[in-house]
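**Student:** Make the full structure from the sequences, and use the hints.
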Amino acid sequence: MTLVLTCDDYFRRKLPEMTLKVNEKARALIFDLDGTLSDSLPVHLATWNFVGEKYGFEFDPQIIHEMTGRPTIEFAQRVVEQYKLEADPHELVRIKQQAFWKMAHLLQPIDEVFEIVQKYHGILPMSVGTGAGRKSAIIQLETLDILKYFDFVVSADDVTRHKPEPETFLECARLMGVEPKFCQVFEDGDLGIEAARKAGMMVTDVRPFINYGEWAQQ
Numbered sequence: 031m032t033l034v035l036t037c038d039d040y041f042r043r044k045l046p047e048m049t050l051k052v053n054e055k056a057r058a059l060i061f062d063l064d065g066t067l068s069d070s071l072p073v074h075l076a077t078w079n080f081v082g083e084k085y086g087f088e089f090d091p092q093i094i095h096e097m098t099g100r101p102t103i104e105f106a107q108r109v110v111e112q113y114k115l116e117a118d119p120h121e122l123v124r125i126k127q128q129a130f131w132k133m134a135h136l137l138q139p140i141d142e143v144f145e146i147v148q149k150y151h152g153i154l155p156m157s158v159g160t161g162a163g164r165k166s167a168i169i170q171l172e173t174l175d176i177l178k179y180f181d182f183v184v185s186a187d188d189v190t191r192h193k194p195e196p197e198t199f200l201e202c203a204r205l206m207g208v209e210p211k212f213c214q215v216f217e218d219g220d221l222g223i224e225a226a227r228k229a230g231m232m233v234t235d236v237r238p239f240i241n242y243g244e245w246a247q248q
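Heads up: the sequence shown is residues 31 to 248, going by our numbering.
To be clear, the hints were calculated from the coordinates, so they are not data collected in a lab.
Being a predicted model, the structure only gives us computed values, none of them experimental.
Don't take every hint at face value.
[Claimed, not checked] Computed list of lysine-lysine pairs in BS3-like fashion (alpha-carbon distance at most 30 Å, straight line):
| hint | residue 1 | residue 2 |
| --- | --- | --- |
| 1 | K149 | K84 |
| 2 | K211 | K149 |
| 3 | K51 | K149 |
[Unchecked claim] Quick list of simulated restraints, FRET-style, between CB atoms:
| hint | residue 1 | residue 2 | range |
| --- | --- | --- | --- |
| 4 | D235 | K211 | 14 to 24 Å |
| 5 | G230 | G86 | 41 to 51 Å |
| 6 | L205 | E172 | 15 to 25 Å |
| 7 | R124 | H151 | 15 to 25 Å |
| 8 | K228 | D181 | 48 to 58 Å |
| 9 | Y113 | L205 | 36 to 46 Å |
| 10 | I93 | H135 | 38 to 48 Å |
| 11 | G86 | K149 | 45 to 55 Å |
| 12 | E195 | P238 | 20 to 30 Å |
| 13 | K211 | L115 | 20 to 30 Å |
| 14 | T49 | P91 | 39 to 49 Å |
From the three backbone atoms N, C-alpha and C, an ideal C-beta is built for every residue, glycine too.
**Tutor:** Quick look at the structure:
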């Protein structure tokens with residue numbers, strides 16, 4: 031199996047002039063994973079393209095933009111419905127996840143966000159709140175060598191109501207022992223931003239601070 035990222039510029043991001051900041055009221059920090067901590071979205075696109083080649087459809091990147099933060103099974107259900115596939119969504123998930131794990135070595139941290147993680151490690155409790163499954167989340171964090179910075183990881187496997195519902199972030203707050211209103215969430219997805227607001231938390235949309243390269247234009 032050969033998987034190829036079609037644009038080298040994905041991995042040549044240029045730092046913007048703005049800088050992310052932690053709110054002075056924050057007593058705990060919560061980070062989304064894909065597209066916030068991990069520059070993983072191009073890899074997700076490559077693996078969905080691989081699934082598309084296998085099943086005979088051309089994957090639309092807009093699906094990722096619209097559904098970032100949702101569990102992979104919901105992506106697969108959307109794909110089956112949109113492309114009218116006679117396929118089990120769970121089988122699509124299996125193929126996609128195995129391809130993603132094989133490409134995990136291509137992942138890089140998003141420096142603009144990781145600077146916050148490094149700066150506040152040991153000062154404020156920090157958690158990851160992600161729509162990824164636990165295995166995928168841990169693989170990413172370990173590959174990036176950043177798992178050690180976080181007190182807790184709340185994945186799609188740990189909650190029943192996913193983003194845009196607030197359960198993921200509320201569970202992070204509960205585990206850290208911090209009231210939601212004193213938690214600051216860093217997110218790149220509309221669904222995650224909505225979830226953070228529903229949770230009554232401070233939220234920072236990281237997208238204006240990050241140059242995602244050509245990926246953001248797709």
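**Student:** Against each hint, give a clear statement of whether it holds in the structure.
**Tutor:** Here is what the structure says about each hint:
1. K149 to K84: With a Cα-Cα distance of about 44 Å, the restraint between K149 and K84 is violated, given a limit of 30 Å.
2. K211 to K149: Given that 30 Å is the threshold and the Cα spacing comes to 22 Å, the pair holds.
3. K51 to K149: With a Cα-Cα distance of about 11 Å, the restraint between K51 and K149 holds, given a limit of 30 Å.
4. D235 to K211: 14 to 24 Å: With a Cβ separation near 19 Å, D235 and K211 satisfy 14 to 24 Å, so the hint holds.
5. G230 to G86: 41 to 51 Å: This hint holds: roughly 45 Å between Cβ atoms.
6. L205 to E172: 15 to 25 Å: holds, 20 Å
7. R124 to H151: 15 to 25 Å: For H151 against R124, whose Cβ atoms are near 35 Å apart, the range 15 to 25 Å is violated.
8. K228 to D181: 48 to 58 Å: This hint is violated: roughly 23 Å between Cβ atoms.
9. Y113 to L205: 36 to 46 Å: holds, 38 Å
10. I93 to H135: 38 to 48 Å: violated, 25 Å
11. G86 to K149: 45 to 55 Å: With Cβ atoms ~47 Å apart, the hint holds.
12. E195 to P238: 20 to 30 Å: holds, 25 Å
13. K211 to L115: 20 to 30 Å: At roughly 44 Å between Cβ atoms, L115 and K211 fall outside 20 to 30 Å, so the hint is violated.
14. T49 to P91: 39 to 49 Å: violated, 28 Å
Violated hints, listed in ascending order, are 1, 7, 8, 10, 13 and 14; each of the other numbered hints is respected by the structure.
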